[in-house]
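Trainee: One-letter residues, chain by chain:
Number of protein chains: 2
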Amino acid sequence: MRKNTLGSLIWLRIARFTHQSNLLSNDFLKQFGITAAQFDVLNQVSTYQPITQGQLATKVTVSEGGISRMLTRLEQEGYIQRKQDWKTKWITLTKKGDCKMHEVFEHQLTFQTSILSECLTEDEQKTLYKLMTKLQKHTEIKLEK
Amino acid sequence: MRKNTLGSLIWLRIARFTHQSNLLSNDFLKQFGITAAQFDVLNQVSTYQPITQGQLATKVTVSEGGISRMLTRLEQEGYIQRKQDWKTKWITLTKKGDCKMHEVFEHQLTFQTSILSECLTEDEQKTLYKLMTKLQKHTEIKLEK
DNA sequence: AATTATCACTTGACTAGTTAACTGAAAGAG
DNA sequence: CTCTTTCAGTTAACTAGTCAAGTGATAATT
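Protein chains in written order, with the numbering used here: chain A, 2 to 146; chain B, 2 to 146.
Read the hints as simulated data drawn from the structure, not as lab findings. This structure is a prediction, so every number in the text was calculated from the model and none was measured. Accuracy of the hints is not assured; some may be wrong.
Said to hold, decoys possible - Pair by pair, the computed Cβ-Cβ distance ranges are: (1) B:Lys88 x A:Gly55: 28 to 38 Å; (2) B:Lys84 x A:Glu76: 45 to 55 Å; (3) A:Asn5 x B:Lys84: 40 to 50 Å; (4) B:His20 x A:Lys84: 53 to 63 Å; (5) A:Phe33 x B:His20: 18 to 28 Å; (6) A:Phe33 x B:Lys88: 38 to 48 Å; (7) B:Asp124 x A:Lys31: 37 to 47 Å; (8) B:Lys96 x A:Trp87: 57 to 67 Å; (9) A:Thr111 x B:Thr111: 17 to 27 Å; (10) A:His108 x B:His20: 19 to 29 Å.
Using N, Cα and C, we set each Cβ at its ideal position, and we do this for glycine too.
Turn these sequences into a full structure, and let the hints guide you.
Mentor: Right under this line is the structure:
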């Protein structure tokens, strides 16, 4: 007991960072009236629209049920619309959703970018990106099995 | 629009990894009848007991309200007990909680460790740990303001 | 043509988290 | 010796997610 490995320490650091950076993001995005999770989904829709719910679920690594609920909220807010092609529903941004993304995107990007560059050099960021990509792709594969 | 920075890409990779690794962890821990969040809390309690709810909330970076609910669940399961010292409640593991941690700890450690070492060398892990520590401490400070 | 399978999506019951408003005993002020 | 403040913890209303069972129209089978 009580002898942590390097791996478990990394795991913990990443978990804590994610949680904390999410709080920061939500706090920052509050001025625009959306949450970090909503930004994530709207961003994917804006990039890949028209996209089905299933594809979207894969993109944001959320379950079918999860994306269904999230889209219900976003639809209620008037940011997206579902067009049913009997069997699959195609998701697109509404005018309102598109405006919102234009309003928010740059700010959110700047926000995320500055937190990283405030504490890591360009080289360190490149290294971190490489390592995290390796790690994330690995878990992605493990998850599929 | 549509021009992601290195920082935002790192952000996304980390978010996706955390979400996916949480699914893996929950799946793995299912055999022991606990969740990843519960393991996290029980692990902190086991390390720092006796500990107040407020201190525990800080350790697991969760709000006071969040820890209150979580502890209610863990108390119902009989893993922890709250001893009220009129004003603050001191949390300790019960016999059952202690046994559970002895049963699970090594396995969870091995599980986390192996995922990391399956795709990163020892040196890469050291680098990743250093970078993530820097990053996490930075957001921690930002959050306090 | 009637029946069943398929497949995208929804929904119910749950965990886990947030913020903000609310308790209730202890301590300090008058 | 009351009256108010303080402060840990609880709770209500919410977002966000999970899994598993349910829905309903089209496609495939008999």
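Trainee: Against each hint, give a clear statement of whether it holds in the structure.
Mentor: Here's how the hints hold up against the structure:
1. B:Lys88 x A:Gly55: 28 to 38 Å: Violated, at about 52 Å.
2. B:Lys84 x A:Glu76: 45 to 55 Å: 48 Å Cβ-Cβ, so the 45 to 55 Å window holds.
3. A:Asn5 x B:Lys84: 40 to 50 Å: Since the Cβ atoms of Asn5 of chain A and Lys84 of chain B sit about 28 Å apart, the hinted range of 40 to 50 Å is violated.
4. B:His20 x A:Lys84: 53 to 63 Å: Since the Cβ atoms of His20 of chain B and Lys84 of chain A sit about 28 Å apart, the hinted range of 53 to 63 Å is violated.
5. A:Phe33 x B:His20: 18 to 28 Å: At 23 Å between Cβs, range holds.
6. A:Phe33 x B:Lys88: 38 to 48 Å: 40 Å, holds
7. B:Asp124 x A:Lys31: 37 to 47 Å: About 41 Å separates the Cβ atoms of Asp124 of chain B and Lys31 of chain A, which means 37 to 47 Å holds.
8. B:Lys96 x A:Trp87: 57 to 67 Å: Check passed, 58 Å falls within 57 to 67 Å.
9. A:Thr111 x B:Thr111: 17 to 27 Å: 41 Å, violated
10. A:His108 x B:His20: 19 to 29 Å: 24 Å, holds
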